[in-house]
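Peer 1: Below are the chains, spelled out letter by letter.
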Amino acid sequence: MKNPITGLNKIFDNRIRLGVMSILVVNDEVSFNDLKQMLEVTDGNLATHLVSLEENGYLKVHKGFVGRKTNTTYTVTKPGQKAFSDHITALENMIKGMK
Amino acid sequence: MSSENQPTDSLKDVQDIRRMMERSSRFLSLSGFSGIAAGICALIGAFVAYKLIDGEFGFYANTRGPLIMDPANLEFRLILTAVIVFLAALGTAFWFTWRRSSREGTSLWNITSRKLFWNMAIPITAGGVFILALMMHGWWAVIAPSCLIFYGMALLNASKYTLTDIRYLAYCEIVLGLINMWWIGYGLYFWAVGFGVLHIVYGIVMWYKYERKG
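Quick note, the sequences are listed as chains Y and P, same order.
Residues 7 to 105, numbered by my numbering, are exactly what the first sequence covers, in order.
Residues 16 to 229, numbered by my numbering, are exactly what the second sequence covers, in order.
I should point out that these hints are in silico values taken from the structure, not numbers from a laboratory.
Predicted, not measured: the structure shown is a model, and the values here were computed from it.
Hints may contain errors.
[Said to hold, decoys possible] Taking lysine-lysine and the DSSO-like style, the derived pairs with C-alpha atoms no more than 27 Å apart in a straight line are:
1) Lys-88(Y) <-> Lys-42(Y)
2) Lys-42(Y) <-> Lys-130(P)
3) Lys-27(P) <-> Lys-84(Y)
4) Lys-66(Y) <-> Lys-88(Y)
5) Lys-27(P) <-> Lys-88(Y)
6) Lys-175(P) <-> Lys-84(Y)
7) Lys-175(P) <-> Lys-42(Y)
[As the list claims (entries may be wrong)] Short derived list, chain Y residues pointing at chain P, Cβ under 8 Å:
8) Leu-24
9) Ile-29
10) Met-100
11) Ile-101
Note that CB positions come from ideal geometry on N, CA and C, so glycine has one too.
Next up, chain Y with everything else stripped away, as it sits in the complex (with noise of 0.2 Å):
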C-alpha cells in the first residue's frame, strides 16, 4: 500500500477517501448522510470509497435503524488512525523537501 520513497498510502491518493479519513478522526461516529453532505458526493461514489477502506481494515461500519430508515454510521479503526498519521506525515516531509 506504500509508496517506498515517499512513503504515502496509495489509498488516500483520491480526494474522496482523503476526505473521509480526515473527518473520521476529527469525530466519534459520522453516519452516511453526514459523509455524503460535507463531502459533496454522489451515494454510489461515496459508497465504493467506503468499502475500499473497510476492506482495508480503516473503518468500521454499524448499520442500525432511525425509526424505520437505515442509519449506517463509520467510525475509524486503530490500524486506519496510524495510516492516515503516517500519511500525513509523509505529506509533511514532501513539503518540507520542496523548500
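Chain Y is already provided as a structure; the job is to place chain P on it using the hints.
Peer 2: Positioned in the frame of chain Y, the structure of chain P alone reads:
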C-alpha cells in the same frame, strides 16, 4: 492525485485535510446578526423589567420574597417577561443563522450543529434548573449573576464546536457575573450589559470579521 505525488499536490492534500477536519467539527454558519438580534431582545426585556419593578416600588430595588404564582404578582410578571425574552432571542438568533446557512447552501441540522446544540443545551439546562431553585428559595439577588455565569460556561463549552471567537464573549459573561456577586442589587444592570450590550458588540464584530463581504 497521481501516484507520483508532487510537493504541490501534497500541499493541496494537506489543505483539503484541514478543511474537512474543520468543516466536520465546527459549526461556522452562526450569523453575527443572531447576536445583535438576541442583544436587542435582551435590552428590551431589561427595560420592561425595569419598568415593572419601577412601577411597583417607585425606584429600582432588588426584589425579595417567596415566589407566588399570581398574575398580579411582580415576580410572576418578571418571570413571564424573562421567558418571552428568552424565546424571542432564541427565535430571532435561529432565524438569522438559518438565513445565512441556507444562503451558503449548508444544512442547519448537521453533525456540527448537533454537537453545538448539545454542548450548549446541557450547561444551559443545568443553569435553568439551578435558577429555578433560586427563585423558589426567594434568593432573587443572585439570579442575575447566576444567569451570566452559567451562560458564560455554556458558551465556553460551545466554543469548541463553533468559531473560537465566542470564547471571548464567554470570558466577559463569566467575569461580569462574578463582579455582580459583589454588587448585589444591581443585577438588572449587569444582566442588561451581559445579555444586551455584549451580544450586540459580539454580533457586530462577528459580522464585520466574517460576513461583511459575502
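Peer 1: Report holds or violated for the interface hint on Met-100(Y), using the least CB-CB distance to chain P and a cut-off of 8 Å.
Peer 2: holds, 4 Å
Peer 1: Once the shortest beta carbon distance from Ile-101(Y) to chain P is found, is it less than 8 Å?
Peer 2: holds, 5 Å
Peer 1: Need the status of pair Lys-175(P), Lys-84(Y): alpha-carbon distance at most 27 Å?
Peer 2: holds, 24 Å
Peer 1: If you take the shortest Cβ to Cβ gap from Ile-29(Y) to chain P, is it below 8 Å?
Peer 2: Hint holds; Ile-29(Y) Cβ to chain P Cβ min 4 Å, cut 8 Å.
Peer 1: Does the structure keep Lys-88(Y) and Lys-42(Y) at a Cα separation of 27 Å or less?
Peer 2: Distance ~24 Å between Lys-88(Y) and Lys-42(Y) Cα, so the pair holds.
Peer 1: When you check the alpha-carbon spacing of Lys-27(P) and Lys-84(Y), does it fall within 27 Å?
Peer 2: holds, 25 Å
Peer 1: Would you mind confirming whether the straight-line C-alpha gap from Lys-42(Y) to Lys-130(P) stays at or under 27 Å?
Peer 2: Holds, because 18 Å separates the two Cα atoms, which is no more than 27 Å.
Peer 1: Assess, step by step, whether the Cα of Lys-27(P) is no farther than 27 Å from the Cα of Lys-88(Y), and give holds or violated.
Peer 2: Holds: Lys-27(P) and Lys-88(Y) sit about 21 Å apart, inside 27 Å.
Peer 1: For the pair supplied as a hint, Lys-175(P) and Lys-42(Y), confirm whether the alpha-carbon distance does not exceed 27 Å.
Peer 2: holds, 23 Å
Peer 1: Taking the least C-beta to C-beta distance, is Leu-24(Y) closer than 8 Å to chain P?
Peer 2: Status holds, d = 6 Å.
Peer 1: For the pair supplied as a hint, Lys-66(Y) and Lys-88(Y), confirm whether the alpha-carbon distance does not exceed 27 Å.
Peer 2: holds, 15 Å
Hint compliance for this structure: no hint is broken.
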